[in-house]
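Build out the structure end to end from the sequences listed, making use of the hints.
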Amino acid sequence: MKRILAVALGILTAIGGFVDIGDLVTNAVVGSRFGLGLAWVVVVGVVGICVCASMAGRVAAVSGRATFEIIRERLGPRAGLANLTGSFLITLLTATAEVGGIALSLQLATSVGPMMWVPVAAFGVWVVIWRAKFDLLENVTGMLGLALIVFAVALFLLAPDWGSLADQALTPVIPDSEPVATYWFFAVALFGAAMTPYEVFFFSSGAIEEGWTKSDLATSRANVFVGFPLGGLLSIAIAGCAAVVLLPQSIAVTSLSQIVLPVAQAGGTLALSFAIVGILAATFGAALETTLSSGYTLAQYLGWSWGKFRRPARAARFHLSMIVVLLVAIGILATGVDPIAVTEISVVFSAVALPLTYLPILLVANDPEYMGDAVNGRGMNAIAVVYLVIILAAAAAAIPLLIVTGAGA
Amino acid sequence: MFGLVTGRSRWVDGRSRVPAVRLAASASLLVALVGCTAPADTIDDAVDQGVAATATASLALSLDDEGRMFRTTTRTTVSDARRELVDSERTAAQVDASTAVDAGRRTEAMDALHDAVLAADAAVDALSGVGDLGEAAERVAEAEEALRALTREGAP
Chain H
1 MKRILAVALG ILTAIGGFVD IGDLVTNAVV GSRFGLGLAW VVVVGVVGIC VCASMAGRVA
61 AVSGRATFEI IRERLGPRAG LANLTGSFLI TLLTATAEVG GIALSLQLAT SVGPMMWVPV
121 AAFGVWVVIW RAKFDLLENV TGMLGLALIV FAVALFLLAP DWGSLADQAL TPVIPDSEPV
181 ATYWFFAVAL FGAAMTPYEV FFFSSGAIEE GWTKSDLATS RANVFVGFPL GGLLSIAIAG
241 CAAVVLLPQS IAVTSLSQIV LPVAQAGGTL ALSFAIVGIL AATFGAALET TLSSGYTLAQ
301 YLGWSWGKFR RPARAARFHL SMIVVLLVAI GILATGVDPI AVTEISVVFS AVALPLTYLP
361 ILLVANDPEY MGDAVNGRGM NAIAVVYLVI ILAAAAAAIP LLIVTGAGA
Chain R
1 MFGLVTGRSR WVDGRSRVPA VRLAASASLL VALVGCTAPA DTIDDAVDQG VAATATASLA
61 LSLDDEGRMF RTTTRTTVSD ARRELVDSER TAAQVDASTA VDAGRRTEAM DALHDAVLAA
121 DAAVDALSGV GDLGEAAERV AEAEEALRAL TREGAP
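Same order as they appear, the protein sequences are chains H and R. Just so we're aligned: the first sequence equals residues 1 to 409 in my numbering. Just so we're aligned: the second sequence equals residues 1 to 156 in my numbering.
It should be emphasised that the hints constitute simulated quantities derived from the structure, not laboratory data. Every residue gets a Cβ at the ideal spot worked out from N, C-alpha and C, and that includes glycine. Any given hint could turn out to be false.
Unchecked claim - Selected chain H positions facing chain R (Cβ under 10 Å, derived; list incomplete):
(1) Ser215
(2) Gly267
(3) Thr269
(4) Ala409
Shown next as structure tokens:
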């Protein structure tokens, strides 16, 4: 019974924790401009993150070591450093976007400008990282993030033409008003949002934090293969709400406040309350994860003592690096840059940096020295190689598409 | 063709990377040029942005009127819409018209966008208790209609 509860909690946390500011914004933007014409990318992205996270979880559980420790050892210090630089910068950018997202969601509840909330949000993130236990911070934000299910409920309450939505999703067509390059730009952005590198660092480091062993692999698989796809359905529901309410009125999403309009239309203030709580929890949870991931990557590469399971005094550099990350995030947001713009850029560069995370994990998952008899099977490798090709294609196309489309303008 | 072949052999030999650099620079220039837009397109984009912003404000105000939104959320939404309108007005103002038609279209767009900014200002004020909210909502709706008439679809 205890085990079933643990699995259920893990799945619920994975659903609630799947959506972050990148998923929220990108899905809503895509829904408001292309309907469900890019829902297939969410499916591709969710399968991809399942493949990547399951390998990373298995590597951590079997070897007892986290991603960046192994990357440095397996690729050598130089290649490892290049990898660290790319991954760390993207995670820092994502952390900035998440802190901005917290500020924007607090603005929705109070109408006080986001600049006032940024320091408060960063302080809140730091306090929780400093004081709360790992499983508590993961489970509470994940469970509160489940409030985002209100987007799925809202979609039903809006009573859309389901046939038309299914048609958009199953036979995608690029609208006449949108250039082909823009469609593919958002495809890459959506893919980057679903497969953000920090999710893998957090997942594998979390496995060490929670002391996973081989016997925990079944729970890990359930979390990944049930929780993430259900989280992906939430993403599609967000896009669906935008497609039903915003697209017909030519409202292309550019701010967080527009994302909640369909929910308010469908369910009034009660539904809106759930949406705001869900967005706040999702961004706060992701801010915790990205900040921790920044600390994890640095500490694991540099061989510092790390982990929430240690008292802060015993992992001083790990905690100090996270404080610096939060200060840098405040600094970036203090320039007045729009957090939504930071989010849009971060998901695109996530796609660029994805091979840096994915390839080493794939290599290690196939290395019997680390994995013993738990190396990837043939089936897993076949899927993993297909995804390697997709990830490389997305990474190569991301920056040219960013320039050609003016960031999807 | 020959240059490319020669370039490839040099690349392989590792003696010179100049052709590869040239190729990369040419590709970047091509990408940058493709990224440039014509004045008419920029004006159209500014108008589309204006339509999206006014439609957002209209929707938020009507939901607020029906009691489906918190006042704080409505104020945030309309303020965001106003920021978008100011941005689109600035975009239109910065267009260098190369023909009289472009110049005329820019003037029309700027007039409509300016009216929309004023309407959004009135709505934000009314949400804070200064002025009549119903009247402000009507002005926003009129501004939206005027902007829609200027879009590619709405143009006569």
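Against the structure, the hints come out as follows:
no.: 1; hint: Ser215; verdict: violated, 47 Å
no.: 2; hint: Gly267; verdict: holds, 8 Å
no.: 3; hint: Thr269; verdict: holds, 6 Å
no.: 4; hint: Ala409; verdict: holds, 7 Å
When held up to the earlier numbered hints, the structure conflicts with hint 1 and nothing else.
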